[in-house]
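Undergrad: Top to bottom, those sequences are chains A and B.
Residues 856 to 1265 in our numbering are what the first sequence lists, from first letter to last.
Residues 1467 to 1556 in our numbering are what the second sequence lists, from first letter to last.
Treat the hints loosely; a few may be bogus.
Pairs of lysine-lysine, DSS-like flavour, derived with a Cα cap of 25 Å [to be verified]:
hint : chain 1 : residue 1 : chain 2 : residue 2
1    : B       : K1555     : A       : K1070
2    : B       : K1508     : A       : K1065
3    : A       : K1092     : B       : K1469
4    : B       : K1484     : B       : K1508
5    : A       : K1040     : A       : K1149
Over the 10 Å line for every Cβ pair with chain A, so calculated as not near, a few chain B residues [claimed, not checked]:
hint : residue
6    : E1500
7    : G1528
8    : D1535
Worth flagging that the hints you see were computed from the coordinates, not collected in a lab.
We treat Cβ as the ideally placed atom computed from N, Cα and C, and that holds for glycine.
One-letter residues, chain by chain:
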Amino acid sequence: MKSIVKQEIQGLNGDEAVALAVKQCDVDVVAAYPITPQTIIVEKLSEYVANGEVETEYVCTESEHSAMAACLAASATGARVFTASASAGLALMHEMLFVTSGCRAPVVMAIANRALSAPLNIHGDHSDAMAERDSGWIQIYCENAQEVYDSVIQAFRIAEHLDIQLPVIVGLDGFTLSHTLENVKTLSDDAVKGFVGTRQFPVVLTHEGKTVPYKLDPESPMTMGPVALPNYYFEFKRQQEEAMRNALAVIPQIQDEYAEMSGRRYGDGLLEQYALEDAEVAIVCLGSTAGTVKTVVDELRAEGVKAGLLRVRTYRPFPAEAIVKALGNVKAVAVMERSMSFGGRGGAVFHEVRHALYDATARPFVVNYIHGLGGRDTNPTQIRRVYEDLQKIIRANRVDGLVRFIGLRE
Amino acid sequence: MSKEKSWKEASPAGVCWKSSVTYLTGDWKTFRPERDVAKCTKCLICTIFCPDGAIHWKSEKGDIEFDMDFCKGCGICANECPAKAIVMKM
């Protein structure tokens, strides 16, 4: 086993942690448009460029739609590409997100998750990234600034893996992570460079009959992202689905490799289980909420309550089978999420967790708690109440109210 | 036309493995151009306007030729022809 490399503790907020990781990953092109609460990321990156600390080409664009278009074009030439956005900015990229994943461009993007208008709100929730659920991007949600740093480094390896070749979103909760200073253990530039390596390319057959790396090259021209009519479009979408399935196997491998170097891991890279082995009541959540839930789990365990937590780190691809295994013996589950699917009888994460658990031998009760919209705080008392609700459900052996709201004035 | 590839065989992301020269698009058309040779002044404006480059000047014949393998039947040639020598027919 390799020994853990030397690391330096730095005081960084989530945005700065992203920028530092990007700097160390030897990124060729950053094309971005600033938006709160992601702004610090691109400010910091442009500072690195201005100071000559990186070789990165920084492209200022007139909109996020253009930013993603520039990222795709740069990625097509073989460059390693990064961008960052949030909320309305991500929504404006919507069309280009599909083009980027469809072109299999391994762009990495940090999203400082923020609410969508209206009413205008700059604070944290997951509405922005959840709205891009089906855009073909891998989505990772982080719990703290340390994980943000580690995940950005892993994201390039995941995106560029030959069995994947898909763009990756690394989500950090707006303000809770993006603007909160934490101690972050940072790796040396060399360690990161060694870990991410250089970009890998699959080989493709071109119209000239050549088999060449999948990147634009005047010596071996190729057509990327052409028209595909009803006789072919479907096949390319199936390829993207296969890449997502491959990612379920590859993300844990990359996480293991990273853990060997850094000494840090986040579950298996897809799911993080906390006190779940013998749990009777469990919360499923994403992002920074998990930190608060862990505190409550510790308190409840000390009181003899069999409480546990399952944090979904990778929402796309969705690790459904692993979720069945992790929650198979739990009696009641609460899915807490920071976005709404209006008219959908609960949120998107709830739908998928509940759908996965249909395959469980003994299906637990599964209820949904919408919380933290527009940056509303979710405190330990509220989370404790969720666990109490789950215990009540077990005692009553039935569910009253499938979808509930935490911290809402009734 | 050769057998179409499965999703496992096709190049990723729709990279074209065939040249546009071998991908015949002429069967997309509903209307086809018909030229009245008597009216045609051979000004070649149609060859310039054809968005598919499907009207060729054949110097050996001293005349133009429609390439029906690629003409999509858009009718721009008929619209632009100053002599009104081209009409679009079903």
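Undergrad: Indicate, hint by hint, whether the structure satisfies it.
TA: Hint by hint, here is what the structure shows:
no., hint, verdict
1, K1555/B <-> K1070/A, "44 Å, violated"
2, K1508/B <-> K1065/A, "41 Å, violated"
3, K1092/A <-> K1469/B, "19 Å, holds"
4, K1484/B <-> K1508/B, "34 Å, violated"
5, K1040/A <-> K1149/A, "21 Å, holds"
6, E1500, "28 Å, holds"
7, G1528, "34 Å, holds"
8, D1535, "17 Å, holds"
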